[in-house]
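Given chain A, put chain B in place with the hints provided.
So the chains spell out like this:
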Amino acid sequence: MMKKKVELTIKLDKRSLYLRSLVVECLFGGGRGHMGSAMSLIEILRVLYDNFLKYNPKKPKDKTRDRLILSKGHGCLALYALLADKKFFAKKILRSASKFNSILGGHPEYGKVPGVEASTGALGHGPAIGVGMAISAKLNKLNYKTFVIVGDGEINEGSFWESSMIASKHKLNNFHIIIDYNKIQSYGKTKEILDLEPLRFKLESFGYKVSEVNGHNVNHLKKYFTKIKKNRDKPIALICHTIKGKGFPFAENNPYWHHKNSFTEKEVKEINKFLEKK
Amino acid sequence: MRQTCLNTIYELAKKNKKIIFIGSDLGPGVLDSFKKKYPDRFFMEGVAEQSIIGLAAGMAFENFRPYVNTIATFITRRCYEQVIIDLCLHNLPVTLIGNGGGLVYAPLGPTHQAIEDISIMRSIPNLTIISPSDAHEMKNLMLDSVNLKGPLYVRIARGGEEIITQKFKSKIGKAIKLKKAKDYYFITTGITNHIALEACKFLKKSENIDCGVAHFSTIKPLDKTFLSKIIINSKKIITVEENVKAGGFGSSILEFSSELSSTRKKADIKIMGLKDKFLEKYGTQRELLDYSGLSFKDLSKNMKNFILHSKI
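Just so you know, the sequences run in chain order A and B.
Per numbering that gives the first Met the number 0, the first sequence starts with residue 0, numbered consecutively.
Per numbering that gives the first Met the number 0, the second sequence starts with residue 0, numbered consecutively.
No lab work stands behind these hints: they were computed from the structure.
Yeah, the Cβ is synthetic: ideal placement off N, Cα and C, and Gly gets one too.
Derived CB-CB ranges, DEER-like: (1) A:S204 - B:K170: 48 to 54 Å; (2) A:N218 - B:F277: 58 to 64 Å; (3) B:R263 - A:S95: 44 to 50 Å.
Okay, chain B solo, but in the shape it has when bound:
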C-alpha cells in the first residue's frame, strides 16, 4: 500500500511539474526512480519533522504541491503545531503521508504505534484525512489528491492487504457500501473493513444475522449524505477503528448523528476502537488488534449482543 502510494506520487509528478516529494530520512532507495528523473523535485531531508512541514508550507505558498512522507507518529505528534499553523491555518495543498497508521509498527512499541493520530488530526480545521484499506483504494485516492485545494493526511496501513475495493472507484470524500444489508451495519475506516467483512461472514454462518459494511476511506470530511441514509435507514451500527475511541472516527459518526433531527428515527450507534491506554505488548498488528478487542470474533459478539440486548 505504501509502495502504491509512493508510485502514484511518481506517476502524478510525471504529469504535474508542481509536485514535490519530501522525505524525512526514509529508508534507502525510496522513490529512486523519482529521484533519478526529477532530482530538483526530490528532497530527502533529515530527522527534522517540524522544519520539513514548514519547508513544505513555504513551497506550497509558491504554488508547489509537496507530498511529505515519514512515520505516522512522527508526522503527527512531533510537528503538530507546524501542521496546524503552517499547513492548516494557511490551508495549503500539502499532503502528509504517515507510514504505519494504527498498530502497524506493533513490534516497535508505543513510540511508533499511531493509536491517536485520527483523533488529533481530525480536530484540525481545513485538514482532509484519508485512511485507505487496500492498494486499489490507495491508488484511486492518491490520484484524486491533486484536486484538493487544502492539506491532506494519508494514513497508511501495513501493506499487502487483500484487495477488497476493486469494484469501486474510490474518491476523496465518498464512502462506499462494501456489503449491503438492511438493519445492521459496521461502519469502518482503514483496514477495519477487512475485519468487519470477516465478522459479517461469521454472523451469517453462526447466527443467521445479515450485517453490512459501510466503509469510509475519507474520515474527514465525512460523506454526510451517505452517512445520514445509513443512520436513518438502519437499526444498529457499530463503528470500528484502529485508533483510540476518544475523539476518533466513531466519535465523528456520533457527532454527526447528534446533529440529525431528533424527531427522525435513527440507528443506535456503538463505537469500537483501541482502549485508552498505551499498549504494553509487541508482536504483530493482528495480535495487537486481537488483544485490543478488535478481532472479527469481538466484532461479531458485540454486534450480536447489541442486536439482542441493545447493550454491549
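So that you can see chain A by itself, here it is in the shape it has in the complex:
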C-alpha cells in the first residue's frame, strides 16, 4: 500500500498547459487519440525531458543518450508533444497525427519518429526491451540510463513481471520503471478490472527500489529524479499517482476519455475554452 496519501489536486502551471495544448493539436489534427492516457503523462515526461534526460535532438541516436521507452504506447500524444517541443521534429507535424502520410501514428513507431526508441502499442513489451538496453549499457561500459514508462493496466501483463525479475537478477541500477498509475484502464477502474494493490509491496518483492510521487507535481518529480542517483544495485521503480485526463475537468477520471475517435462541436469548444481560460 501507499506509504502516505499523495495529494493529487494540483494547479497546472503555464508550461504544463502549453504542453497540453500541443497534445490537443494532435487530437484535433487527427480527430482522434488517447486523450486521457496522454494527459496523465505530461508532467512525468516534462520533468524528464526538461531536467534529467541526456539527449541531442540533432543526433537522436547518439550512443551516450539516455533511453526512454514509452511502453504504454497509447499515451504517445504526450511524447509527441515533448519531442516536438524539444525540436526532434517540427511542431507543425503535430497536426498531421494519425493522417495517411504522417510520421505520427496512434502508437509511436521506431524509425519514423525521431526520438522514439522502440515501437510500442501492444502492452508489456517495453520493459524487456529496456532491460536489454540497460544490460547493453553495462556491457558497453556506457553510463546512459534506461527509462521505461508503463501504464497501470499494462502491468496486468505477465511479461512486465518476467522482465522485472530479470532486471533484478542482473542488478540493473541503470534501469528505471515509471508507472503512470492513473487507476483507470480502458473499461474502468483498475481496482475493479484487475486490482494491482498492494502495488508498492509487489514491486519491492520483485527487487525494485520503489518510490511514490504525485505524478503531476513538477517539484516532487524533480526532487525524486535528483535523489535517485544514489542507488547502487537495484532496478528502480517509481509509482506516479496521476489523474487520467488531468487538466480537463470533464475528462478527468472518466474512462470515456481514455480514447476518443471523434469530437463533438461541444467537446471541441469545451477543450478550447479550458485552454484559453487558463
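Just chain B, lined up with the frame of chain A:
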C-alpha cells in the same frame, strides 16, 4: 545438429565480440565452453520466453547480435507477439534457434511438437527462416547467419541425421539440387530431403521413374530464381514438409507458382505435409512421420499416382 549449431555460435563469438548467447533454462552444461570463455556474453535466463525476446531486441538495438535458444514450440508460440513486434517490426538481427522442429519431440506430445511453426513464422514480414537437413548444412548456414541484417528463425531437427549435403556449401537464401532429374521433383525442406531421396531410389527400382530432389534449406525468402526454373522445366512437383499443410512451405511454393506468368508452361504441384490435427500418438519422430503419411513409401506412391493419373 543442435550441437553443431551451438558450437558454430561459439566459433562465431570468438571472432565477433557483438555475439551474445541467450538460453531459456536449457539443460545443464549447454555451451559451457562459451560460458567459461565469455561469461559477460552468456545469458541463461528463466522460463520467460516473452521477456527473453524483448531482452534480445533491446540488445540488438544496441548493436549486439543475440542468438536465442529454446524449444521450438516455446520460441514460436509463447512469444509470438514479441517476435513480431520486438524483432521483426524493428527488423533487428536476432537469431532464434528452435530445438525440435517438427515431430522431433514425438514422445513428449502436442505441447512439444512443432507442427505449425513454419506456417506461423513464415507469415511474419522481415523474418528469414532456415531449416537445415544435416549438421554440414547447419554449420554452413550458421556461419552465414552473421551476415543477415534482420531476424532469423532456425528450425533444428533431431540430430544425428546422415550427412547428405556434403557436396554443397549451403548459403542462406540458396536452394540446391540434391538429385537431378528431368520431369519429376520432390521439393523439400528440413529433414524431408532424406525421405525424398529414399523415395527416389524406391521409384527408380520399382517403377523405373526418375525423380529429383530440390532442397530448400531456406524457407523464407525463397530462392525464386532456382524455383522458377524447376517449376518451368519440370512436369510434376511434390513438396514435402514436416509441418501442417496450411500456410506452410508447400503453400509458399504454390504462392510463388501462382505469381509466375500464366502463359508459361508450369509443373503441376501437390503438397505433402502433416494433417490438420494434433497428433494423438507418441513414439518416435519416424513413427509419427509414417503415421502422418510422410514415409518414403507414401511419397513414392503419391508421386507415381501424380504422374500416372494426375491426381493423388
